[in-house]
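Visitor: Residue strings, one per chain:
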Amino acid sequence: MSAIGDQSYYLRGMQLEPLPPPTTRAGPLGWLRANLFSSPANIALTLACVLLIVWVVLPFFQFFLIDAVWSGADRDACLASPAQPNPGACWAFVRVWLSYFVYGFYPLGERWRVDLFFLTLAFGIVWLLWLSAPRRDIGAFYFFVVLPILSFVLLHGAPLIGIIVVPTTLWGGILVTVVVATIGMVFSLPLGILLALARRSEKPVVKWAAVTFIEFVRGVPLITVLFMASVMLPLFVPERFAPDKLVRALIGVALFASAYMAEVVRGGLAAVPRGQYEAARALGLTYWRTMGLVILPQALRVTLPNIVNTFIGLLKDTTLVFVVGIFDFLRTIEAARADPKWAAPNTTVTGYVFAALFYFLCCYGMSRYARRVEARLARAGRR
Amino acid sequence: MPRHTRRLGSVALQIAIVAVIGGLAYGAVLNAAQNLSRAHIASGFGFWNNTAGFDISQTLIAYSASTSTFGRAFWVGLLNTLVVAAIGIVLSTVLGFIIGIGRLSHNWLAARLAGGYVELIRNVPLLLQLLFWYNAVLKSLPQLRGSVTLPGGGILNNRGLFLPRAEFGPNFTAVLVALLIGMGSALALRAFARRRRERTGEEVPILWPALGLIVGLPVAAFVLAGFPITFSVPQLGRFNVSGGVEILPEFAALVVALSVYTAAFIAEVVRAGVLAVSTGQIEAAQALGLRSGRTLRLVILPQAMRVIIPPLTSQYLNLIKNSSLAVAIGYPDLVQIFAGSVLNITGQAVEVIAITMAVYLTISLVTSLLMNLYARKTAIAER
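Residue numbers (the working numbering), protein chains in the order written: chain A, 1 to 383; chain B, 384 to 766.
Quick caveat, the hints were computed from the structure, so don't treat them as lab data.
Positions of the beta carbon are idealized from the N, C-alpha and C atoms, including for glycine.
Just so you know, not all the hints are guaranteed correct.
Here chain A is said to cover these stretches of chain B; the calculated rule only asks that three of the stretch's residues, wherever they fall, bring their Cβ under 8 Å from a Cβ of chain A [claimed, not checked]:
| id | segment |
| --- | --- |
| 1 | 495-507 |
| 2 | 726-736 |
Ranges between beta-carbon positions, derived for each pair [what the hints assert, rightly or not]:
| id | chain 1 | residue 1 | chain 2 | residue 2 | range |
| --- | --- | --- | --- | --- | --- |
| 3 | A | 202 | B | 413 | 29 to 35 Å |
| 4 | A | 202 | B | 491 | 49 to 55 Å |
| 5 | B | 409 | A | 203 | 47 to 53 Å |
| 6 | B | 680 | A | 34 | 20 to 26 Å |
| 7 | A | 149 | B | 409 | 48 to 54 Å |
| 8 | A | 119 | B | 447 | 56 to 62 Å |
| 9 | A | 29 | B | 590 | 51 to 57 Å |
| 10 | B | 495 | A | 313 | 21 to 27 Å |
| 11 | A | 313 | B | 673 | 37 to 43 Å |
| 12 | A | 377 | B | 628 | 51 to 57 Å |
Distance condition first, Cα-Cα at most 30 Å in a straight line; then the derived DSBU-like pairs of lysine-lysine [to be verified]:
| id | chain 1 | residue 1 | chain 2 | residue 2 |
| --- | --- | --- | --- | --- |
| 13 | A | 316 | A | 245 |
| 14 | B | 522 | A | 316 |
| 15 | B | 760 | A | 207 |
| 16 | B | 522 | A | 341 |
Model the full structure from these sequences, guided by the hints.
Guide: Okay, structure coming up:
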């Protein structure tokens with residue numbers, strides 16, 4: 001029973017050196033290794049990205065922040081000179097023209113009305129979009145009924161109560177962009193809901209009228225709709241009723257947006273389970289009460305992110321009224337950059353970047369909001 | 384309400400709707416006729432065959448201001464629109480797929496860069512981007528005297544890009560024939576390789592032989608035929624550039640703006656499509672030992688395509704519709720020629736806008752018809 005000399009087993013006589021620890025997966029180094037340098041291809045990709053940043057992103061900030069000219073009275077401030085051999089963005093130009101970008105030719109003494117309009121509008125938007133605000137039904141009434149009347153009185157004027165009339169030809173800049181976008185939103189949502197309901201109607205005439213309108217509008221570019229509104233609309237009404245140029249563009253934008261809104265709302269309606277319709281009918285609700293009290297509240301809530309996305313598209317599309325000769329924000333930039341007093345190589349690009357910043361902040365804000373609502377809905381749906 | 388009364392009410396409502404729409408249309412036509420006759424504007428499509436009398440800066444088919452008709456101008460504009468759209472679709476698809484897949488990359492930097500691109504581009508209006516490319520980038524290129532000469536004989540200045548034009552000798556047909564033969568035999572090789580693989584499980588390499596056939600045969604024919612190609616190199620004159628092919632800055636700006644803008648949307652479509660493929664599929668592919676490139680190509684993309692294609696088509700349609708923004712920078716597309724020049728000359732708003740809209744509508748409707756066919760064909764067979 002001696003184990004010695006028996007070769008049927010093996011016993012290690014000495015201890016091995018411990019293996020090196022596995023490459024770290026925690027900490028900044030491990031993160032770098034896992035996310036940026038995991039394979040040769042990945043390393044190449046990382047290097048390419050770094051090069052891109054060095055060549056594009058850094059010069060961008062250099063141009064618009066570090067080398068930028070912040071103040072000055074005319075083009076000389078933004079031209080190359082011995083003092084600044086390589087001038088960057090010409091923000092002085094934007095500062096001088098800023099009030100024109102915001103108000104257009106709106107009379108100086110009346111600009112408080114525009115400011116007040118912006119305030120009431122912001123108030124309405126916050127009331128509607130802040131999901132836990134009190135009495136959002138009153139908010140909706142305020143936004144869709146009170147606000148349009150109030151804005152008309154404020155911006156256009158009402159001689160009866162002593163607010164002088166400012167013709168729309170003097171409106172311009174961000175004011176016009178906001179007016180066009182807001183009117184588009186205020187009208188396209190109810191119109192879109194009606195169109196969506198009509199499209200799901202059982203009455204063939206109603207259904208086909210809605211389908212024709214929606215598919216027609218969605219099939220053509222907004223520019224042609226605007227052209228139609230601006231050159232054909234005046235033909236179709238008696239001469240003395242020919243609408244104002246801005247009103248024509250507003251009609252075009254609102255009709256265009258409502259067709260897109262109709263499709264978004266239709267998606268929401270389709271997401272409401274059939275049982276909801278049947279239960280509402282079983283309770284004896286009429287069609288309009290079924291829709292108003294049971295179906296639409298659910299449908300609109302589900303599709304709120306899509307509605308906001310349509311609004312983003314609408315805000316971007318307002319720039320097209322430029323083409324039919326309305327002084328929106330972009331058009332004021334175009335007008336200002338043609339000013340010979342500011343003719344410097346960098347004014348054009350600065351003006352455009354300023355406009356881009358405005359649109360980006362508005363649109364990005366809205367899309368962040370849409371995403372938050374979406375996440376909230378997803379959480380609610382999981383319960 | 385008893386059923387038959389409700390039915391009667393529904394019919395009455397529909398008749399009322401038809402009456403209202405008909406009445407409005409009748410009133411509009413009446414007003415239009417009155418307004419037009421007062422302004423002494425002809426009606427009908429008789430102008431189609433009249434001499435156009437205006438110049439177009441880019442014509443792909445023979446056109447001259449003094450002899451060509453409005454009808455000819457229509458085809459010139461339509462072709463210009465289609466060329467921009469076709470090139471834009473190809474470029475935006477390539478860019479969009481790269482960015483969409485980049486956004487899902489494990490490489491943190493690449494994913495962030497792609498995400499930044501999408502957010503930035505999607506939240507800035509296309510018209511602003513178009514003006515940026517045209518006025519801020521292309522117009523700031525050197526003037527004629529300071530033209531940049533590109534390697535290979537191209538000339539670049541703020542009037543456009545001038546490239547050598549290839550002129551084909553009579554023997555060039557041989558090269559085309561060789562190309563056809565090469566493509567045919569490559570297809571045959573692929574079919575053979577596939578049959579072989581399905582029968583024996585053996586992988587036959589086809590990439591390099593196929594490339595050899597498609598590229599090698601035409602090159603051989605080209606050499607044998609005695610280089611049947613000559614180049615007309617653009618010459619820099621004192622006041623203009625002669626010879627070569629001219630690419631207008633308007634064209635370049637439109638193509639770049641449309642591609643860059645649409646690519647951001649396509650990237651999101653691609654991302655959503657790839658995310659729609661269940662992770663089980665990817666894990667199964669990895670378990671089978673497929674490398675990541677092949678997993679993407681053979682497993683993920685074919686399944687993602689089913690989700691991607693319908694929204695991708697609507698992005699293509701958007702691109703075609705957005706190409707009408709050409710009017711803002713003066714690229715002679717359909718809208719610029721028709722709703723711009725022709726409308727100004729003839730004043731026949733109704734006919735001109737109707738023709739323009741009909742073109743876009745036709746493109747949209749045909750595409751969505753094809754899309755429905757595709758969706759029916761690729762729908763997963765429910766078991």
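Visitor: Evaluate each hint against the coordinates.
Guide: Against the structure, the hints:
1. 495-507: Coverage by chain A holds for the segment 495-507 of chain B (6 residues, Cβ < 8 Å).
2. 726-736: holds (count 4)
3. A:202 to B:413: 29 to 35 Å: 34 Å, holds
4. A:202 to B:491: 49 to 55 Å: Holds, at about 54 Å.
5. B:409 to A:203: 47 to 53 Å: 22 Å, violated
6. B:680 to A:34: 20 to 26 Å: 24 Å, holds
7. A:149 to B:409: 48 to 54 Å: With Cβ atoms ~32 Å apart, the hint is violated.
8. A:119 to B:447: 56 to 62 Å: 58 Å, holds
9. A:29 to B:590: 51 to 57 Å: 39 Å, violated
10. B:495 to A:313: 21 to 27 Å: Holds, at about 25 Å.
11. A:313 to B:673: 37 to 43 Å: 40 Å, holds
12. A:377 to B:628: 51 to 57 Å: 54 Å, holds
13. A:316 to A:245: The hint holds at about 20 Å.
14. B:522 to A:316: 24 Å, holds
15. B:760 to A:207: Roughly 28 Å separates the two Cα atoms, so the pair holds.
16. B:522 to A:341: Roughly 19 Å between the alpha carbons, so the hint for residue 522 of chain B and residue 341 of chain A holds.
Comparing the model with each numbered hint stated earlier shows that hints 5, 7, 9 do not hold.
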